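So the chains spell out like this:
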Amino acid sequence: MSARVSTGGDLPPRGPSGEDLPPDGALPGPSSAAEPVPAGGSPAAGSVPAGDSLAGGSAPDGGNRLRVEELTVSFRLPGATVRAVTGASFEVRPGRCLALVGESGCGKSVLAHALLGLLPGNAEVAGRAHLETPDGSLELLGAPEAVLARRVRGRAVGLIPQSPATHLTPVRTARAQVEEALRELGHPRPRERADELALRQGLHPADLDRYPHELSGGMAQRVANAMALAGDPWLILADEPTGGLDRPLVDRAMAALRGLCDEGRAVLLITHDLRAAERVADDLAVMYAGRLVETGPAGRVLDRPRHPYAAGLVNAQPDRAFVPILGMPPELTRLPDGCAFAPRCPSADGACAAPPPMADGVACHHPLEDDRGVRAAARRASEDDRV
Amino acid sequence: MKPVPPPAAPRRTAVLEARDVTVRYGRQVVLDGVSLTVEPGRVTGLAGPSGCGKSTLARVLALMLRPSGGAVTVDGTAVRRWRQRAPRGLRTAVALLYQQPRLAVDPRLTLTEIIAEPLAAAGRADRGRVAALAAEAGLTGDLLGRRPHEVSDGQLQRACVARALSLEPRYLVCDEMTTMLDASTQAHLVAVVEAYRERSGAGVLAVSHDDALLVRWAHHRVRLGDPGDAAGPSDHADPGK
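Protein sequence lines, in the order shown, are assigned to chains A and B. The numbering used here puts the first residue of the first sequence at 1, with every later residue one more than the last. The numbering used here puts the first residue of the second sequence at 388, with every later residue one more than the last.
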């Protein structure tokens, strides 16, 4: 084996987005589909998107829905209260991917853990999270542990954890862990099913007989996907699934998530990586200091962000303006009473001392007007040499 | 873009240079005759897929890993001893920033102590300078009194950047420095490194798998080939010339 250094001038441009995909991966890409997921307490009752999800999956998609309303999570610490999530409302449904983006420490992962009842004992949770299925509706927040264990985790909701390689137990083979999940879920033939799941993820069944340290990052990712799918959940919760992966592997992981959507599952992706989100998400929810500040179709939010924080995040990317947002996010132990972004915001004024309500997909007293967004889109078109 | 040097130009010595470096981990050859030059005042981007040896080369250039073969010189001085055995003058000439700030700090220290450590170890403890470095990296107030488990990855990496600049290194090796971070923190830390480079004339090696970042940041880019690719030792390495 040898490594080679070549001169810098001949670096190829970024390839077309499809080139790193597995052969069976569905093409990712932001959907231009309209129909944003409404947030802010305006559930789109009755508008079941028939035909929105593609056929071919074994996942049930009729009538499934996760509707989160005013979810608030705080942690009591000695002398302080951490307000990790405040009043988050959104909806996830089959065939679509909602990406929750924001910087580290903004409350994204706490939100995911709240939905699965995985928060530590000092957490206080308020709000509602209805898991709606054809068999009825289940309130996730405050549901008894037995109900979550029997009906939710792994069965209705599969979790793809942060950094899959470290999530696996190092002393047992991947197969032992996938089969354990299948046995827990009551599958009659765990060995055969584990092989099937591996094949569907593009792994050779023999790869399952390896120990985690013998798996590459990409293979560990696929094992994690296989485990998340063991119980055939209709909703996949992916919590920073790309931590530590390089760009081609990120792209592949995103393509795999897109494939899950296209077979009729719902995906809630939690990430700080806007470019990863761009590849897979139908809808985007931007989180800042525990609050959702902007929600909407992914393409629109990325091209014409209306919240100043969302615009700052988009502009900070190296293929855009590459300009940081001044300052740092507030401590979650002492959030301001008004808009949490105001201290960093160029358009802040007296009105921002009151918390901005979420209206029309943006929680801001001074949302950016469209012409600014159009300029951002034009800049993007001229600077972006990707296909 | 780059001026072609006259053929008879004398070899430039004021550079950080790896020449024909070979590294083996056990029987596995990770780097095989690789050469790379980091010039003062410029940003050299090092790209390549996972597992191609980017981080290994970065560690060799930061004097943290003795190669099995080849030579490393810092501004003309050949490196003969590595890690803590390297003479202080060489050791402090090159600073290394890692991808994972949590693995790069002592969890018992506060952020201020983390930033102050190199200055104290060099016998130049200077509280005012520590505060200035911290402020430049965007850290202020009570954050500085916290320990690593009480801050976010982004805040901890800011402390690592401040620490890396504290002894005014002539070269900075940034190994996936911002991979874990959100776009805004990434843009800020790159701006901090750039400001330092511009005022000090330091050379920067930016290692990343993210081409978009290197396109934006580096003056020129070098790609380390895939492991197992058929090429032999490179004879066309010095990319900056």
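Please keep in mind that the hints were generated in silico from the structure rather than gathered at the bench. None of the values given here were measured: they were computed from a predicted structure. Beta carbons are placed, not taken as given, at the ideal position from N, Cα and C, and that holds for glycine. Incorrect hints may have been included.
Stated by the list, open to error - Reference listing, derived: stretches of chain A covered by chain B, where coverage requires no fewer than 3 residues with Cβ under 8 Å from a Cβ of chain B:
1) 108-121
2) 198-209
As the list claims (entries may be wrong) - Across the chosen pairs, the derived CB separations fall in these ranges:
3) A508/B x E192/A: 33 to 43 Å
4) R514/B x A176/A: 51 to 61 Å
5) R411/B x E369/A: 26 to 36 Å
6) R586/B x A143/A: 30 to 40 Å
7) R128/A x R514/B: 23 to 33 Å
8) H536/B x H167/A: 49 to 59 Å
9) R468/B x P170/A: 26 to 36 Å
10) E581/B x L77/A: 54 to 64 Å
Here's how the hints hold up against the structure:
1. 108-121: violated (count 0)
2. 198-209: Coverage by chain B is violated here, the residue count being 0 at a Cβ distance below 8 Å.
3. A508/B x E192/A: 33 to 43 Å: violated, 60 Å
4. R514/B x A176/A: 51 to 61 Å: Since the Cβ atoms of R514/B and A176/A sit about 54 Å apart, the hinted range of 51 to 61 Å holds.
5. R411/B x E369/A: 26 to 36 Å: With Cβ atoms ~60 Å apart, the hint is violated.
6. R586/B x A143/A: 30 to 40 Å: violated, 57 Å
7. R128/A x R514/B: 23 to 33 Å: violated, 51 Å
8. H536/B x H167/A: 49 to 59 Å: Since the Cβ atoms of H536/B and H167/A sit about 20 Å apart, the hinted range of 49 to 59 Å is violated.
9. R468/B x P170/A: 26 to 36 Å: Once the Cβ atoms are compared, 35 Å apart, the range 26 to 36 Å for P170/A and R468/B holds.
10. E581/B x L77/A: 54 to 64 Å: 38 Å Cβ-Cβ, so the 54 to 64 Å window is violated.
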